[in-house]
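Chemist: Protein sequence lines, in the order shown, are assigned to chains V and Y. Under the working numbering, think of the first position of the first sequence as 1, with each following residue one higher. Under the working numbering, think of the first position of the second sequence as 1, with each following residue one higher.
Simulated from the structure, these hints should not be mistaken for lab results. Treat the hints with caution; some may be incorrect.
[What the hints assert, rightly or not] Pair ranges (Cβ atoms, derived):
1) V/D7 to Y/H47: 57 to 63 Å
2) V/E468 to Y/G130: 26 to 32 Å
3) V/A50 to Y/P79: 36 to 42 Å
4) V/E212 to Y/A19: 52 to 58 Å
5) Y/M125 to V/R31: 33 to 39 Å
[What the hints assert, rightly or not] Calculated pairs, DSS-like style, for lysine-lysine (alpha carbon to alpha carbon, straight line, at most 30 Å):
6) V/K377 to Y/K179
7) V/K494 to Y/K126
8) Y/K96 to Y/K157
Beta carbons: idealized from backbone N, C-alpha and C, even for Gly.
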Amino acid sequence: MSQLFVDASKAALARELAGRIADDVQATIDRHTTVAIERTVLRLFGIEGAGSGGAPLVNLIVDRLQAAGVLKRGAAWWLGRALRAGEGDLLSVLDRLLHPGNAAALSPSEDAELRDEMRREARAAVDELRAQVRRRNRLKSSLKAGAFEGSPLRYVIVATGNIHDDIDQARAAAEQGADIIAVIRSTAQSLLDYVPLGLTTEGFGGTFATQENFRAMREALDETSVRLGRYVHLTNYSSGLCMPEIAYMAAAERLDMLLNDAMYGILFRDINMRRTFCDQHFSRRICALADIVINTGEDNYITTADADEAAHTVIASQLVNEAFALRAGMKVERIGFGHSFEIDPAREDTLLRELAMAMMVRELHPRSPIKYMPPTKHKDGDIFFAHVYDAMSHLVAVTTGQHIQLLGMMTEALHTPFLQDRHAAIKAAGYVHKAARHLGSEISFRPDGIVAGRQREVFDKALALLEETARDGMVAAIGRARFGDVARTETGGKGLSGVVERAPDYFNPFLELLEAEG
Amino acid sequence: MQIIRPYGDRRDDGLVQLAFTLPVSAGPRAKEAAVQIVKSMGFRSVHVASMEAAGRGFSTFVAYGRGDFALDFDKVDAPVVQAPKHGFDELNAIVKRDLGRRIVVVGACIGSDAHTTGIDAIFNMKGYAGDYGLERYPSFRAVNLGAQVEPPALVAKAAELEADAVLVSQIVTQRDIHKENARALVQAVEAAGLRGRLLLVFGGPRIDHRLALELGFDAGFGAGTKPSEVANYLYYRVMEKAGKTPQQAD
């Protein structure tokens, strides 16, 4: 069985500290909005498509509101105001309203009427999203999931740059046994402050995340799932400067999971802290609404820092990520905590150390779908060694009951996966998962052994880090490079100009609705 | 003269192992197609060891073939980066003594590439595989601009810091985007009038010295390069440019 050798009282204290850390940041989140959140509000109201220059309409609207200094009241209010101003092209009506001297103000009763009207619209939009969620869940519950009860879900990536090729490769992977398809995004999309439009065929190292691409891939996987009698999940990236917009698109197009981390963008994409904290909150509100499983990104910490030395940062960050997610109304059953099999293979007893870590993550979050990542950092092009190395991670995954397992590719560090690389990975994982199916329930580790000692050592360090962070605040901790060996400042990074302090009369009917649900 | 052929199980048997995918469903015709493809590469005694269905409309193969090719190893020339190998403390001491100033290097992932693993391995204090990064060398001023830096911005920074060298890393190589980015950097250097003054160093898992030279760089470093190799190379070339004789390692 998966075993935890950490004192329950220490685990409880760590959770309490993580809660205090998140509360401190939450106060800032609750006072601000961002251009991405307001664009998401407009998308939720059904605003889509592009303006005459090709830019997304939601960007054109929000940029106008921000330039006029009125975004602080919320895009929902301005959309309602424009709709009341009468017929015509939305942008022209807004331009008229925002023109100096053209008073957009309303009497208190008109203002209240506007808000009630937009609240009704918001409820209708949320109901529509819920219908999509039900549609997805119906299909899912009518099919089996995974190779067998208790088998890790086999997660593979496609990354051709062309959505049509992606679909071919995703179908082929599903037919070979993949349970989850992740479409890797084109490099640099995380730094775009807009979401591209349409079906796309020109990405680098991945394919642009667009609503149309989401739809096309999900439709292809629906068809494949029904044919195979096994549900094939779809995931993408709710990260970068458009976190909440991607979350909305994923909800609307029935995606099952999203990479979504409260701190990843800050650390690894140098996106501003305030921006990321605000955006992750609203994006997770949408994930909670849409029953989307989020995958957190702690595995990244141990690709930049040393996996053995930095193991405690993974544990601490998972608890902080959990605290943020709970504050966005997410259930623990939808939080896929990320970690990985990444200790330098040149060392001794890495299998025991990886088992210790995998069991600890599993048992600290017993109701959550843990996401296990493969080794990447120490792969160097020796594909034959890499294949064996990956097999060790399959063994740990099935033995410790990891829920989602991203299958390593033997050609990691060489190129985006070939179809045959994925085939080899799925076949090997199938073999190891089946061969070791009940291994975990047959073995137990000595309470005075290497595994138990390693868990206690890592957890004590995690607790110390959480104590320091709770005392000095998250901003200071990130400033000291406590997570992922990367230091960031509160006013540094990209996207700070898109953060706006809410006015007292800020209006966001979706946030009202979703917050009311808990 | 030293004639060599691929070595499978016996000298000069010429055996080669291949793995590939064909976009057709597995079956007798697919297997025959695989044989013909390997033959068309110039192999004989072709043996398709395995054919596996990889989803509808795809099959993957492992095949063996015997090749008649042979070459004279004495005539094989591979450009390599020439540099002495001084240890960390020694290099710091000789830079100070021989050059009398710090070597200034600016690095970045250029273009759309967001993968900083490579440039970080060379720059970060901690370094890579137990080998300290350039930031740790007191004899170097190493500035890592990180991911997604446009070539003109990198060159402007190099000019501002009066850098000796620019180091760029490219991980994403889909449809040769890395070459496009590399050429853009060379153009930016030329536009700034720094061609010849600034050492251009290219790195990444799919990069080698020959490719770097072809693209107009001074040196290229591939997978597994340690920061000390780059540091020593820079010392050697900066000394040359200063008209001084670099100290050879023991």
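Chemist: Decide, hint by hint, whether the structure agrees.
Modeler: Hints versus structure:
Checked against the hint of 57 to 63 Å, the C-beta distance between V/D7 and Y/H47 comes to roughly 60 Å, which is consistent with it. Against the hinted window of 26 to 32 Å, the Cβ-Cβ separation of V/E468 and Y/G130 comes to about 28 Å, which satisfies the hint. V/A50 and Y/P79 have their C-beta atoms about 49 Å apart, which leaves the hinted 36 to 42 Å range violated. Taken as a hint, the range 52 to 58 Å is violated for the pair V/E212 and Y/A19, whose Cβ atoms sit roughly 35 Å apart.
Here the CB-CB span from Y/M125 to V/R31 is close to 37 Å, well matched to the stated 33 to 39 Å. A distance of roughly 24 Å separates the Cα atoms of V/K377 and Y/K179; the hinted pair therefore holds under the 30 Å criterion. Our distance criterion of 30 Å between C-alpha atoms is met by V/K494 and Y/K126, whose separation comes to about 26 Å. For the proposed pair Y/K96 and Y/K157, the alpha carbon gap of about 24 Å is at most 30 Å, so the pair holds.
Checked against the numbered hints above, the structure violates hints 3, 4; every other hint is satisfied.
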